[in-house]
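Colleague: Given only the sequences and the hints, what does the whole structure look like? Please build it.
So the sequences go chain by chain: B and H.
Just so we're aligned, residue 1 is where the first sequence starts under my numbering, counting upward by one.
Just so we're aligned, residue 1 is where the second sequence starts under my numbering, counting upward by one.
I should point out that these hints are in silico values taken from the structure, not numbers from a laboratory.
The reader is advised that the hints may include incorrect statements.
[Stated by the list, open to error] Label-pair ranges, simulated between beta-carbon atoms:
hint	chain 1	residue 1	chain 2	residue 2	range
1	H	2	B	56	23 to 31 Å
2	H	72	B	2	24 to 32 Å
3	B	96	H	97	27 to 35 Å
4	H	8	B	223	52 to 60 Å
5	B	155	H	12	54 to 62 Å
6	H	33	B	82	40 to 48 Å
7	B	178	H	80	34 to 42 Å
8	B	80	H	138	29 to 37 Å
9	B	2	H	94	22 to 30 Å
10	B	96	H	124	13 to 21 Å
11	H	83	B	178	27 to 35 Å
12	B	44	H	124	42 to 50 Å
[To be verified] Here are a few chain B residues that face chain H, going by a calculated C-beta distance under 7 Å:
hint	residue
13	1
14	6
15	35
16	100
All values derive from a computational prediction rather than experimental measurement.
Note that the Cβ used here is the ideal one computed from N, Cα and C, for glycine as well.
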Amino acid sequence: MYGFDYHRPAALSDVVSLLIADEDAKVLAGGQTLIPTLKQRLAMPTSLVDLSAVPGLREIVAEGDGVRIGAMATHAAVAGSACVRGILPGLADLASHIGDAQVRNRGTIGGSIANADPAADYPAALVALGAIIRTDRRDIAGGEFFTGLFETALQPGEVVASVFFPAASHARYAKFPNPASRYAMAGVFVARQGDSVRVAVTGAGPCVFRWDAAEAALTAAFTADALDGLVLDADGLNSDMHADAAYRAHIVGVLARRAIA
Amino acid sequence: MSVAISLTVNGEPVSREVDPRLLLSQLLRDDLCLTGTHVGCDTSQCGACTVHLDGLSVKSCAVLAVQADGTHVLTIEGIAGPDGALHPMQAAFREHHGLQCGFCTPGMVMGAIELARTAPDLEEATIRDGLEGNLCRCTGYQNIVKAVRAGAQAMREG
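Modeller: Structural data, given as structure tokens:
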């Protein structure tokens, strides 16, 4: 690891000030991606700004017709939250299958989405459920947050504070985890809110995306049979030593059916 | 830059000035000489370095020492009774031959203790899922699962 300075401010405004004063500073949430990245010398921040002393960022509360989850809520906290289980059990289930037990005890929702790993699980939930990301300065729609490979709509110095998930009559995630890393080789979140159906796919492409054809079919008839004959276009999907693009396109179809059943 | 930290490790207060890049695993092993916490992969895959941070199992090679400021850390050296009596999970690993070379064992035991406290049941699938973050290169999983079930039962009855 290269050397760096360390700050642990007690207010979100101080976090932002430190980030704006130093463009090579990085936010530290749970550290489950950042610390291994630093150890491999794949990043060289001048300083880490630790969010752990900022009050209120771990809260999970029912709000309106949904649930608001603080950026520093761990995957284990989301998975075990009676509030999330009551409002969106499919979201709690997603959180319970991220990484392994030790990673879930440290890794956070805010860290995961700000990192925007193309194979992370949460992006599919944010896009499918139409979540709203609250930062230190504004609200960002889930569908506009993830902009590319490890790229988000966050501005320099902007910090995720919480994520609001609206309730859904159906919300379920199915993934095909890589057996070694447990990251999604592909993952599909299907959400139905009123007459609207969203199908969000993670792990299969460079960034989470919606499968429009599946959404149209499921809007017409919300059954697994409605997807019969539909195959995702493999063009542009990830192809690597674990699975080629055609294989990923196939398992996205399988997972979409599982996420409806 | 060095940062002042204070924590407790196995019930003993510890205060140090540390480089921010020092890992919790390095503080435990190199400074406090608690070498029961093993470092296997050092890439947060294998779980050999698992310790409890405020009661939750974490991979100490993926936690900075500065992040442990103000916390209670429990390592494999801290779980036996004051008279040296083995923790029920340690006793179960011995009884059921839940180790071969022993390298993964401290992490397995620490992970299993949290699993025993939180698992809804002690079915084989639950135990295997719960220990997904701990790898045994000897592939001794059959007896590890047996040991964890017995240890967890002993903890729940004790």
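Colleague: So which hints don't hold here, by number, going up?
Modeller: 5, 9, 11
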